[in-house]
Amino acid sequence: MILKRVFQFILVIIVCSGFNLVTRADELVTPQINAAYFKLSDGTKRITVSFSARENDKRVNIPYAELQIIAQNESIKTVLGNVITNQLGKASFDIDPATKLPRDQDGYTFSVIFGGNTRLDKTSRSLHVEEAFLEISLVEKDTVKTISARVFKYNEKREKIAIPDVPVEFNVKRLFCLYPIGNEKTDTSGFCSTEFPSNMPGDKQGKVTVVVRLPDNETYGTIEESRSINWGKLLVYEAKPIRGLGDTDAPLWMVYTLIVLLSGVWLHVVYIIILIIRINIIGKKAIKS
Amino acid sequence: MSQQEIAQKKLVEIYAHFGKPSRFSKGLFVFLILIVLFAFYALILQMTRGQIVTGMRDYVIWGIYEVNFIFFIGISYAGAMISGILHLLHVEWRKPIIRIAEMITVISVLIGPLYVLLSMGRIDRFLHIFEYGRIQSPIVWDVIAITTYLGCSIIFLYLALIRDYALLRDNKELKISNFRRRIYRKLAATYHELPLQKKLLNRGMSLMSAIIIPLAVLVHSVLAWIFGMTIRPGWHSTIFAPYFVIAAVFSGTAVLIIAMWVFRKFYHLEEYITEKHFKYIGLILLVLAGLYGYFTFSEYLTVWYGSETWELEVIYKLFDFSDYGAWFYLAAFIGVLVPMIFTGIPFFRNINTITAGAVVAVICMWIKRYLIIIPTLETPLLPVQDSRPEYIHYHASWVEWSLTAGGVALFLLFFMIFIRFMPIIPVADISEVPENKELISEKL
Chain A
0 MILKRVFQFI LVIIVCSGFN LVTRADELVT PQINAAYFKL SDGTKRITVS
50 FSARENDKRV NIPYAELQII AQNESIKTVL GNVITNQLGK ASFDIDPATK
100 LPRDQDGYTF SVIFGGNTRL DKTSRSLHVE EAFLEISLVE KDTVKTISAR
150 VFKYNEKREK IAIPDVPVEF NVKRLFCLYP IGNEKTDTSG FCSTEFPSNM
200 PGDKQGKVTV VVRLPDNETY GTIEESRSIN WGKLLVYEAK PIRGLGDTDA
250 PLWMVYTLIV LLSGVWLHVV YIIILIIRIN IIGKKAIKS
Chain B
0 MSQQEIAQKK LVEIYAHFGK PSRFSKGLFV FLILIVLFAF YALILQMTRG
50 QIVTGMRDYV IWGIYEVNFI FFIGISYAGA MISGILHLLH VEWRKPIIRI
100 AEMITVISVL IGPLYVLLSM GRIDRFLHIF EYGRIQSPIV WDVIAITTYL
150 GCSIIFLYLA LIRDYALLRD NKELKISNFR RRIYRKLAAT YHELPLQKKL
200 LNRGMSLMSA IIIPLAVLVH SVLAWIFGMT IRPGWHSTIF APYFVIAAVF
250 SGTAVLIIAM WVFRKFYHLE EYITEKHFKY IGLILLVLAG LYGYFTFSEY
300 LTVWYGSETW ELEVIYKLFD FSDYGAWFYL AAFIGVLVPM IFTGIPFFRN
350 INTITAGAVV AVICMWIKRY LIIIPTLETP LLPVQDSRPE YIHYHASWVE
400 WSLTAGGVAL FLLFFMIFIR FMPIIPVADI SEVPENKELI SEKL
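If you're matching them up, the sequences are chains A and B in order. Be aware that the first sequence starts at 0, since it is given in numbering that gives the first Met the number 0, and climbs by one per residue. Be aware that the second sequence starts at 0, since it is given in numbering that gives the first Met the number 0, and climbs by one per residue.
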């Protein structure tokens, strides 16, 4: 009797766990969209998206997923386009400065929508940003070079309203990344400034590109402004490399070695051709005689 | 019976097998022509549409074309090393197989470099290598070395053929067209086995054998330096040149064994190419397999132990079964152990097993060349800018596979054409009685 009960109990457990497995296998995974807003110095607005899901307590990036980008306000909804995530589950969408976006009272609202598929549930993410502006000025006074930044927004009467107490990053553009030269906060009038380092290398003309950023702000997103100026140290190329392999002329020892080796082989080839000619002549003489 | 009479008799015997092509040979010939024509269509497609029809992209700029190039140059070692060394050592048993080896050399050196041209995005700029080539560039060394090697290989083959052309010219029993007899007369260079002619010819042969060995080593070393002098993981290695040379002799010897088996079987040359030849060449293959295995182990152990981050990226791709692991273990273990077992253990050693071991070696050596080139190019130092799958992973397109099949078909076609005009067995040589019986070959 007890055995029968135990057997029934085990049977119930197995059936339930099996059912649980089946439902888990059929269950759609709800993915997560993260979106950020960038305004570049040429006025381009960029929406960057990362798309992931939680699987076995691990966050997994979802590659090659198609996401729709929408800009909307209370009355208008404009589809801006679609993006496909890369292998790392990331994608970015650039909005041309000339594109007219539906605006609400203080800025823009964007939505990133995933329509769902056989494994992933549909999901979306909204992103609201207030439109802010960043102005920079580069001033040199008594050999001291200063970069000043002003962060502001417009009110309904198109008057500039200073945005105080927001962090601003000052950078110089290098080949692969930005080199930070200062981190400041705006004062009550929305201004902040930093000194440009005197030993910063530039190109042959001393030109450098200064990039100022209002980074990753919850209200305004990331705003970037850049300008080129010849404040850097002039880049002087080193004289001829001693090794010479990257040079237009080969090192002399290499030329001599090649000539010796090649002539060694080809002279032997010529000698063998002479031998064949001699064999031919000997044969002809033998036939005649 | 004089030596000349013996030679003429043997020539007639051998030519009986080659005189009239069988139905199978004709069918095979047509089949190979069709493959070559299809490859030609693929070539036109590549020429007109560009490299986009291949699997090669910004990062993997060398695909299976480069693999085929190294493979064909590698098998050319059959003639250069085997016939060169055996000739210099006066090894008697070499004689029936030496012509096959020399033909493999010439044909593979003719075909191999074509694949370099296929790798070029702008083939019309090929001549720029000669116009603007920089002597300090390993690619220019390669062009010079391969051109010289091809020239020397053709002369080496021709020198060995002079005596046989003289026999063909003088033979009255063979039904040869007048046109062909005229060609033989020209090629025989009025050779009549005169003592002075024989002496000069032997001198030329010995000289060419001595030149072709270092030249072959140099050619494959230069090929290895194209990779070795690039600071990339899996390539930047000091032992790459000897490693390439050993791998080349290994694959060349394996192809020679396969060719010996084919000619013996389909042209009924059992009397000339005997089990002894397979066993002797099999022993050479055994030694080379051991050396190749040793180099492979040394190369990967050193790199893996060094734990340099970028190098490890490639190493782990090779070791990982979800990536290239299966291919790597096949090339590194099966490609070495199977030929060693079939040639080294007397119980397994016979003509068919030695040939099977050679086939395994050839396939694995092709895979090995693939593993040298592709995983390294798929692992750039800078992150991949465009992360579409075809930019990250290389997959050869049907165009590349067609041109690869075309190359193999052309190799076989050349062989079929060559043996119609050149005796596959050096008749004059095998009819000769060695002057000194106490030769190294006897000790071997």
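No lab work stands behind these hints, which were simulated from the structure alone. For clarity, every value in this text was computed on a predicted model and none was experimentally measured. Please note: incorrect hints may appear among the correct ones.
So the derived label-pair ranges between C-beta atoms look like this [stated by the list, open to error]:
| no. | chain 1 | residue 1 | chain 2 | residue 2 | range |
| --- | --- | --- | --- | --- | --- |
| 1 | A | Lys99 | B | Ser386 | 37 to 43 angstroms |
| 2 | A | Ile160 | B | His392 | 34 to 40 angstroms |
| 3 | B | Pro379 | A | Asn116 | 55 to 61 angstroms |
If the Cβ cut is set under 7 angstroms, some of the chain B residues that face chain A in the computed set are [claimed, not checked]:
| no. | residue |
| --- | --- |
| 4 | Tyr131 |
| 5 | Leu149 |
| 6 | Ile154 |
| 7 | Ala188 |
| 8 | His191 |
| 9 | Leu193 |
| 10 | Leu195 |
| 11 | Gln196 |
| 12 | Leu199 |
| 13 | Gly203 |
| 14 | Ser208 |
| 15 | Ile210 |
| 16 | Ser297 |
| 17 | Gln384 |
With a straight-line cut-off of 25 angstroms between C-alpha atoms, the simulated PhoX-like cross-links for lysine-lysine are [to be verified]:
| no. | chain 1 | residue 1 | chain 2 | residue 2 |
| --- | --- | --- | --- | --- |
| 18 | A | Lys283 | B | Lys198 |
| 19 | B | Lys25 | A | Lys284 |
| 20 | B | Lys185 | A | Lys283 |
Glycine included, every Cβ here is placed at the ideal spot set by N, Cα and C.
Give me the numbers of the hints this structure contradicts, sorted from smallest to largest. Hints 1, 2, 3, 4, 5, 14, 16, 17 and 19 not satisfied by this model.
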